[in-house]
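Both chains come to you apart, so use the hints to assemble them.
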Amino acid sequence: MQKKKTTVSLELIELYSTLLNEIWGKVSELIGESLLAFLMQLTIDRVSDKVSLLKGIRVSEAGISLEAIRDQSKDTSPEDIHRAFQGFVKNLFNAFTAITENVINRELFSTVIPKLREAEKMLSQ
Amino acid sequence: MRIVFKNLRILWSIINAINASAELADIIEAAGSRLSQLFDLLAFSILLKEDLDLYIYCDESSSRLFIDEVTVNTIKTFSFITGERLNREQVNKRLAMRRFESRWKGTSDGRLKSSISLPLVNEGEVLGCASLNSDHPNAFDAQALQFFSLITYQMISSMKHSQVISSMKDMAIYDTLTHLHNRRHLEQVLEKEFGNSALKKEPLSIVMVDIDHFKAINDRYGHDEGDKALIHIGSLLKASLRKHDIVARFGGEEFLVVLPRTIMKDAVIIAERIRRSVEVTPLSAGDIKIHLTVSLGIAAIPAVWPDSKEELIKFADTALYEAKDKGRNRVCFYVPTQDSPAKGILSK
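So the protein lines, in turn, are chains A and B.
Residue 1 is where the first sequence starts when you use my numbering, and the numbers rise one by one after that.
Residue 126 is where the second sequence starts when you use my numbering, and the numbers rise one by one after that.
Hints should not be assumed to be uniformly reliable.
With a straight-line Cα cutoff of 25 Å, these simulated BS3-like cross-link-like pairs (lysine-lysine) come out [to be verified]:
#1 B:Lys340 / B:Lys449
#2 B:Lys218 / B:Lys285
#3 A:Lys90 / B:Lys201
#4 B:Lys363 / B:Lys449
#5 A:Lys50 / B:Lys201
#6 B:Lys238 / B:Lys218
Between beta-carbon pairs, the in silico distance windows are [unchecked claim]:
#7 B:Ala267 / A:Arg83: 54 to 64 Å
#8 A:Pro114 / B:Met296: 54 to 64 Å
#9 A:Val51 / B:Gly249: 17 to 27 Å
#10 A:Val51 / B:Val289: 35 to 45 Å
#11 A:Lys4 / B:Pro262: 30 to 40 Å
#12 A:Ser52 / B:His416: 51 to 61 Å
Please keep in mind that the hints were generated in silico from the structure rather than gathered at the bench.
Each residue gets a CB set at the ideal place from its N, CA and C atoms; glycine is no exception.
Just chain B, with the same shape it has in the complex (with noise of 0.2 Å):
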């Protein structure tokens, strides 16, 4: 009686261990590293179907063999699950070395002896399996097997639970059209880079960007059309950048991007790289190819000093006029004059 008690302890500190993470990483960690105080096992392993990650906690003394065996044991499994032929190949395998308590008095040879799994299942989607093994033979009696779905309706619960907050973070700070950044989230970012940018003298610079003619799009195609001109400008942004960049929706048909650390002159580089992207990679509407251009405005410190990040974004704003009233389809930068607030450079 005192062992059941003292099981139940456990299995409640598991299950509490897994209730309180709030990420996905976290909910793994807390079942992986802690079922060994309640299972007899060498190694826990979980593949989610997402992203075909595979997470394997085994004790430190689990031979390559052994894990190797986990491997495609648990990969079976998924694939008799969810009807899916996986192979070993196609998993993106994440190995957790741990010290696990050991209750096994018998001698062992290492190898995959037995295994209990079971399926992630939430209101009837499969989001994985999770499975204990070990390298002794029935190792798992029905009560560990009700101790491990306890445990699992846990974690899909906290999965679930993980995955709302996930998607609502998302949509705090991403564009539901162009999964973009939204104009929120990049203002955010942008007051970090600024005040990084006073503080350490580095240089910043950000770029308007606005698709020209857009009204006549969305008049002659259509606003499915227009959204579609959208996302594709929006996809072209993000393979011009670089990694470290920023970009967001800003609003309606405009574009900002943000370039840490970078001066005026790299910055006109890669407004040039997007506007040359732009202009030679045309969107496909049905039979039909629409030809897009953008113009695009850019600002950078040191070239100016603006008091505010808004002072900036109206800076890069005025150049984005400068390009548009040039004739469109045109890079321009911000230069403070007496006489004229913005040079245009002709970059076609």
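Chain A on its own, in the form it takes in the complex (with noise of 0.2 Å):
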């Protein structure tokens, strides 16, 4: 049981470096590697007070990286893993929509919630 719950914790954990990827990819198109790495890092020292877990995100002009949570992840329940990088999205959402309304949201919509749905999926099988 406990291998399990590691197993889905790691893969949670691909599946949120495989989105937040992708929404580097297409945001930093946007409005460019520096300014994106200035919002993420943002919002990821304002949410990580609450979730000291996101506290391993590393964010840099050459992009995210999640190696230092996938050291973590045997600790941690899937649950909290999923629970605590919805939070990140959805704080990362926010920034986006403070500075530039729907123009960046609209752009993730696509990549975004089939992710989120996945992940959901993952946590009850």
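In structure tokens, the structure reads:
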């Protein structure tokens, strides 16, 4: 049972890693890597006080990495991982909305919604 | 395709105009006066963190209500980016009305309907934020955002360049310790004022100021307190002068004040004000108070007719030595006589 939970946690991290890198690819085309790295870091700083797991997200102008979080995954339940990343994505969308209304988010819905559904499906299995 | 090329051409012309601007105000003007060629906007706004200056370039048809909404929206975005709560009373609003090209074919009630904003960030440091504002909904799409981000990147780069130039200019004219002008700059100013005085037959006074027993302060309290004494005297000098007077650190513990269009009588009043201000305002060094005094020497045109600014400085220096010689903490002025080059005024 424990082994299965760890596997799901790792799969969830993999899924969110893919999702965040897809967001990175689409948004950096619109506003550039430097500005996107700033907005991502701003979001991490604001949410990681409540969700310490997110402190492990590494952002630079080269992209986004969840390597540090992978190491912590065996001690964190899949539900907590999903909740943490769902919250992060929500806050990131809020940041995009605050500055560009729906211009960025419109470009992301088709990528983000299926991935969130996939994550929920993984949890329910 | 033709429209895309046209827009790219406009984009490059805006970026080139920003790139060619060296001063901050010119960078903002270059963007503010051109962005309507590329975007469907009624106002461009930019709020800068350093002095909280809010520039709004808007179409001349903009209503007061629209400008208010742009102000509030820009401040709100800035607060989101920086995490600093701001209200409209804290910003310095600078409004520029322009005639913008309009691409909007529909009707409008003149209210703010859509806006996109981008943070101005350089190496993680927030410089401010810039916004495009429109009176119709969904005025900006993904391509508008791409173009606007390229423009803001150029603005950031030009603003940083302008800051570097500005700080280099400051270093060239200001004394790094006291933040007063330095000797080199003062000599340039004095050269100009001396020329004006000779040409227009206008009075000109200078005051040489020297801290009494400065070496003893350094020896007794250390060089850090000595530096604080220089800063302290510098700020008292600035506070004692009029708007058009110029003061500089002349070297060591000496300062020189240039009083344009000022006769000897008025120069004596100003010098005495400086002397008194230093005498009654001790320097706080931890728990103790260090009482400082200064000696001052004045040279004034037309009381004297020097051949050069160097000679004018020499006369002020002679008067300063007279003040030191007579017991310090006093003001002396230079009056050429046959047997004594300077005459002292006992000002205590």
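Hints, verified against the model:
1. Restraint check for Lys340 of chain B and Lys449 of chain B: satisfied, since their Cα atoms lie roughly 14 Å apart, inside the 25 Å limit.
2. With a C-alpha separation of about 22 Å, the suggested pairing of Lys218 of chain B with Lys285 of chain B holds against the 25 Å cut-off.
3. Of the supplied pair hints, the one linking Lys90 of chain A and Lys201 of chain B holds, its CA atoms being roughly 20 Å apart against a limit of 25 Å.
4. Our distance criterion of 25 Å between C-alpha atoms is met by Lys363 of chain B and Lys449 of chain B, whose separation comes to about 23 Å.
5. For the suggested pair Lys50 of chain A and Lys201 of chain B, the alpha carbons sit about 24 Å apart, so the restraint of at most 25 Å is met.
6. Taking the CA atoms of Lys238 of chain B and Lys218 of chain B, the gap is about 21 Å. The hint holds against a cut of 25 Å.
7. For Ala267 of chain B paired with Arg83 of chain A, a C-beta distance near 31 Å fails the hint of 54 to 64 Å.
8. Here the CB-CB span from Pro114 of chain A to Met296 of chain B is close to 57 Å, well matched to the stated 54 to 64 Å.
9. The supplied range of 17 to 27 Å is met by Val51 of chain A and Gly249 of chain B, whose beta-carbon atoms lie about 22 Å from each other.
10. Between Val51 of chain A and Val289 of chain B the C-beta distance comes to about 40 Å, which sits within the given range of 35 to 45 Å.
11. One distance hint, 30 to 40 Å for the beta-carbon pair Lys4 of chain A and Pro262 of chain B, is violated here, with the actual separation near 49 Å.
12. For Ser52 of chain A and His416 of chain B, the Cβ-Cβ distance of about 56 Å falls inside the hinted range of 51 to 61 Å, so the restraint holds.
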